[in-house]
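**Student:** For reference, the chains in residue letters:
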Amino acid sequence: MVLISKQKVREYGKGLAVIALLLVAWECAALVIDNNYILPSLTEIAEVLLHPAQPVLGGESLIANTLVSLKEVLTGFFCAAALAIPVGLLIGWSTEVQAYLNPAIQILRPIPPIAWMPFAIAWFGIGINSILFIIALGAFFPILINTVDGVRGIRVRWIEVAEMFHATTFEKLRTVVLPGAFPRIWTGMRVSFAIAWMCVVAAEMLPGTTAGLGFLIMYAYNLGQLDVIGAGMVVIGIIGLGADMLFRAGQARFFSWEGKD
Amino acid sequence: MAESVLSISGIEKTFHGEGEDCPALSGVSFNVASGEIVCIMGPSGCGKSTLLRIIGRLEHEDKGSIRTIAEHVGEGVSAAMIFQDHALFPWLSVEENIIYGLRLSAQKIPDTEMQRRVDDLLSLIHLTSFARSLPHELSGGMKQRVSVARALAIRPSILLMDEPFSALDIFTRRELEDEILRIRQELKTTILMVTHNPEEAVYIADRIIILSERPGVVAGIITVTLPHPRSPADPDFIRIREEVAGRVKGRNEVGCAIQHE
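In order, the protein sequences belong to chains C and F.
Numbering-wise (this note's numbering), the first sequence opens with residue 1 and increments by one.
Numbering-wise (this note's numbering), the second sequence opens with residue 1001 and increments by one.
The hints are simulated quantities; they were obtained by calculation from the structure and are not laboratory data.
Wrong hints could be hidden among the right ones.
[To be verified] Quick list of the computed label-pair ranges, beta carbon to beta carbon:
1) C:Glu-163 <-> F:Asn-1031: 22 to 28 Å
2) C:Thr-75 <-> F:Arg-1182: 56 to 62 Å
3) F:Thr-1112 <-> C:Leu-83: 35 to 41 Å
4) C:Thr-75 <-> F:Ser-1133: 36 to 42 Å
[Said to hold, decoys possible] Below are the DSBU-like pairs computed for lysine-lysine, each with C-alpha atoms no more than 35 Å apart in a straight line:
5) F:Lys-1108 <-> C:Lys-172
6) C:Lys-8 <-> C:Lys-71
7) C:Lys-260 <-> F:Lys-1108
[Stated by the list, open to error] If we take Cβ atoms under 7 Å as the criterion, some of the chain C residues that face chain F in the derived model are:
8) Leu-39
9) Trp-123
10) His-166
Note that the coordinates shown come from a computational prediction; the quantities given were computed from them, not determined experimentally.
Glycine included, C-beta positions come from ideal geometry on N, C-alpha and C.
Model the full structure from these sequences, guided by the hints.
**Tutor:** Okay, structure coming up:
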């Protein structure tokens, strides 16, 4: 059984109080405005949220759209991690590799992933591949930068221990550098997931998509159904929060050793 | 006298810094016999640690030769090093830390043999019940015992210890010195240890090699023939300790410093 301390309860209580206040303010404003083309009431939004398996606006259900977005995010995210972690290890490990790659990375990094959308469509066509490209691009840099920092933070002494046992370069990377840098890599992944989640919604809003939360929001906007938009936003927020909590729990579970050396 | 396990002759080493050269060792020669405990002492900055790191292959000598005789033919590593800061991998359990060197490709040891060795070593250092603990859950003395076990696991022909107990309190230190003597008794381990503490040297060493101020050369060798267990209150002990302390004295104000992390 998980016991939550009084302090935690108080902490959560404060956060929940603010959320409750915002909801009340929203509902009051909706009552005053009384126009659901401007501000839908919470009851209308809740109505959509409470029937997540029912078709929305004649299309797929809220759950189906959520799953489409989630699948896209996970695919793009894992592609980004699969590329960013090895490249980050190499850059962190070798000053030579860093000298070659760093300038290019620093120039590409600040460009918002969405700015690549026209190119993505030109290269991959309208649809899933372009969306995945944008997500992977958004998720790539935070993982890369954190991996490089993680490798830089590895203690020289740990490498010396591996050398003392005659480890090969690959063994040093696999048994010392990767696990030693992993807490930072994990942090990068946490940041990346949040960015990937933002990218998917934005990418799905572009023409040519037929499913996903971003699509649903845009489609509802075209039909003037602001309650559906509100419901979509709530789902996005909750999943983002849930993912962040999972990453935090993973951090506490797997990297309890961090900083206690 | 028993066969030499380590034989070094004419070791020279100069570090090349920015604008100035820093000569560390200038022709150091000595032998270490099988099963012997030899302590290296000398004024701070005389190149003791550098010498040990050269023998452990973490640095390369400019001139001279090092010969280690592998006691177990076919096993890759002939010298294993123990650092002042235990240098355990914080993400690995006690057991995994001990087995670390055995799992690398330099060692070709069957899994059953690995487990047997780890079990034996855990009981040797009295930490069997901590096999699955992480290093940060152990005290300083326990960590250093794990570090000793990790080095012993590969059955090195010589154990190199670089001020291994200097970060520990006086009681833990004496306990570990006794443990080293016991391990030598049981496993016939050959040990070469750098220390700055004359009492520690006289307490455990068969011979004490005194290095001169930088650049270090062998300035003298003191053989300690007192029977074990030795008592620091024994007049002979005190006499030898004072002799060692007197010969180690010396300032080293040469304007360059060598830093190994």
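**Student:** Determine for every hint whether it applies to the structure shown.
**Tutor:** Now the hints, each set against the structure:
With their beta carbons about 25 Å apart, Glu-163 of chain C and Asn-1031 of chain F fall inside the hinted range of 22 to 28 Å. Distance hint check for Thr-75 of chain C and Arg-1182 of chain F: the Cβ-Cβ separation is about 58 Å, which falls inside the suggested range of 56 to 62 Å. Against the hinted window of 35 to 41 Å, the Cβ-Cβ separation of Thr-1112 of chain F and Leu-83 of chain C comes to about 39 Å, which satisfies the hint. At about 39 Å, the CB distance of Thr-75 of chain C to Ser-1133 of chain F agrees with the hint of 36 to 42 Å.
For the hint linking Lys-1108 of chain F to Lys-172 of chain C, the alpha-carbon distance of about 17 Å falls within 35 Å, and the restraint holds. Taken as a hint, the Lys-8 of chain C and Lys-71 of chain C pair is honoured in the structure, with Cα atoms around 33 Å apart against an allowance of 35 Å. A hinted pair counts as satisfied when its Cα atoms are at most 35 Å apart, and Lys-260 of chain C with Lys-1108 of chain F qualifies at roughly 33 Å. Checking Leu-39 of chain C against chain F: minimum C-beta separation of about 51 Å lies over 7 Å; hint violated.
Contact between Trp-123 of chain C and chain F, as hinted, is not supported at the beta carbon level, the nearest pair being about 40 Å apart and thus beyond 7 Å. For His-166 of chain C, the shortest C-beta to C-beta distance to chain F is roughly 4 Å, which falls under 7 Å, so the interface hint holds.
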